[in-house]
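Numbers 2 to 376, taken from my numbering, label the letters of the sequence shown in order.
The set of hints was computed from the structure by calculation and includes no laboratory data. Glycine included, every Cβ here is placed at the ideal spot set by N, Cα and C. It cannot be assumed that every hint is accurate.
[Stated by the list, open to error] Here are the computed distance ranges between Cβ atoms for each label pair:
#1 346 to 221: 44 to 50 Å
#2 219 to 290: 24 to 30 Å
#3 277 to 176: 32 to 38 Å
[As the list claims (entries may be wrong)] In the SDA-like style, the derived pairs of lysine to any residue whose C-alpha atoms are separated by at most 20 Å in a straight line are:
#4 189 to 137
#5 47 to 59
#6 288 to 237
#7 252 to 277
#8 54 to 44
#9 54 to 105
#10 189 to 173
#11 47 to 353
#12 102 to 288
#13 47 to 346
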Amino acid sequence: MEVPGSSSTISEDQTRRQEELSDTRTDSVKQSLISSEEWLQLHGLKSNKLTLKQILSQIGFPHCEDYVMSLGRLVASRYANGLFPQIYTTEDGRVYNLTAKSELISQYMERLTQAVESCKQRMDWLTSNSRQIFGVILEQCIAIVLDLGGMLEEELSLCRDALTMVLQEQVAHAAKFNIIRVSQEPVKWQENAVPVTAPSIAAAISWVEKLSFELASSHTSCLDALLEAGKDEVIESIYYFVVGDVPEESKELLLQQALEIPCPVCTVSFNARGQGTIAFLKDLSAKTFSRFHAFAERTECVEFPAFPVKDGDSVITWNSRKLKGKLPPGAGVREDVFLIWREMEEAGSTLAQIRRLVAETPKTSVATTDHGGCC
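Construct the entire structure; sequences and hints are all you get.
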């Protein structure tokens, strides 16, 4: 016998669980689509009290030294001499007496191991799929300006794939967006930025898939498109996606007029032929107080057969296989990746020192003082 109202209750429960799952995924995406500086503030060693100095203050105390006037030198105190295991740290050159239980030290080892793994995952994320090509989109209202004037005809398919990935993986989590193509007259996908919805992302992808090959336009076209993007007052940042090289006349004009562009211009170089374009795009982003990113795909275009993807495989992962590449010469190290790598190196070094401490310290010699956990 059916209990009155039971089916509606079950339906409501299912809906609530789906909404909670969606919220969890959204929160996860928000955690990802932040700068490396912000990520470190949330997950870094210092904020989680996992630097070597912070750990040592929780598992022991500094061995004191005083300056003895009659001797004219520092003399280490001898109280409790031999009662505590000691460790010398190269970080600050101090000797620490250890008082914590081995269990507490093991907890720190586990947390440091997790910190190393977390940094690895962040680095993998930063250097995969659309982040490898485009960097990380940090703003909520953006305009993408496409400069395809230096594109080779055989690169058109790769550019479409790259932009599709960016729209699906990153723009889909923004609030508003627009796309403008550099041409004799700027070609706008929409007159102004539109809200991000599933239909608007699908429409933008459809527009990108219809992009055709065109010869380079006039040397003022780049500036015209960037200024047009900046007219929309809701735009927080412009992403200037440049395929190939930028003509010298356009470079000079853009650098001269950069401050007329009313919002930051993040520059993205795709398959630059020479280091001159890389240097120019770095300068342009610096002048507008923004970020630079560069990507170079395989030397030769790799054609994949157009058959359906396997179960569980997505268009994004399929496209990403076609877009494997590296940083071009002159691009330098990505700052967002370097910050995470440096944190991972510190975590690994600290973990190695704590492991050595555990290995060298007899368990019976560690005092039984409990510092109340490692959190």
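Status of the hints after comparison with the structure:
Separated by about 46 Å at the C-beta atoms, residue 346 and residue 221 satisfy the suggested range of 44 to 50 Å. For the hinted restraint 24 to 30 Å between residue 219 and residue 290, the CB-CB distance of approximately 28 Å keeps it satisfied. For the pair residue 277 and residue 176, the supplied restraint of 32 to 38 Å holds, since their beta-carbon distance comes to about 36 Å. Using a Cα cut-off of 20 Å, the hinted pair residue 189 and residue 137 is violated, with the two alpha carbons roughly 23 Å apart.
Proximity of residue 47 to residue 59 is assessed by CA-CA distance (about 14 Å); at most 20 Å being required, the pair is judged to hold. The hinted pair formed by residue 288 and residue 237 meets the criterion: a straight-line CA distance of about 16 Å does not exceed 20 Å. Between the alpha carbons of residue 252 and residue 277 the distance comes to roughly 10 Å, so the proposed pair stays at or under 20 Å and holds. With a C-alpha separation of about 17 Å, the suggested pairing of residue 54 with residue 44 holds against the 20 Å cut-off.
In summary, the hint linking residue 54 to residue 105 is supported, as the alpha carbons are separated by about 16 Å, within the 20 Å threshold. Restraint check for residue 189 and residue 173: the C-alpha separation of about 19 Å stays at or below 20 Å, so the hint holds. Taking the CA atoms of residue 47 and residue 353, the gap is about 17 Å. The hint holds against a cut of 20 Å. For the proposed pair residue 102 and residue 288, the alpha carbon gap of about 54 Å is over 20 Å, so the pair is violated.
Between residue 47 and residue 346 the alpha-carbon distance is near 14 Å, which keeps this suggested pair within the 20 Å criterion.
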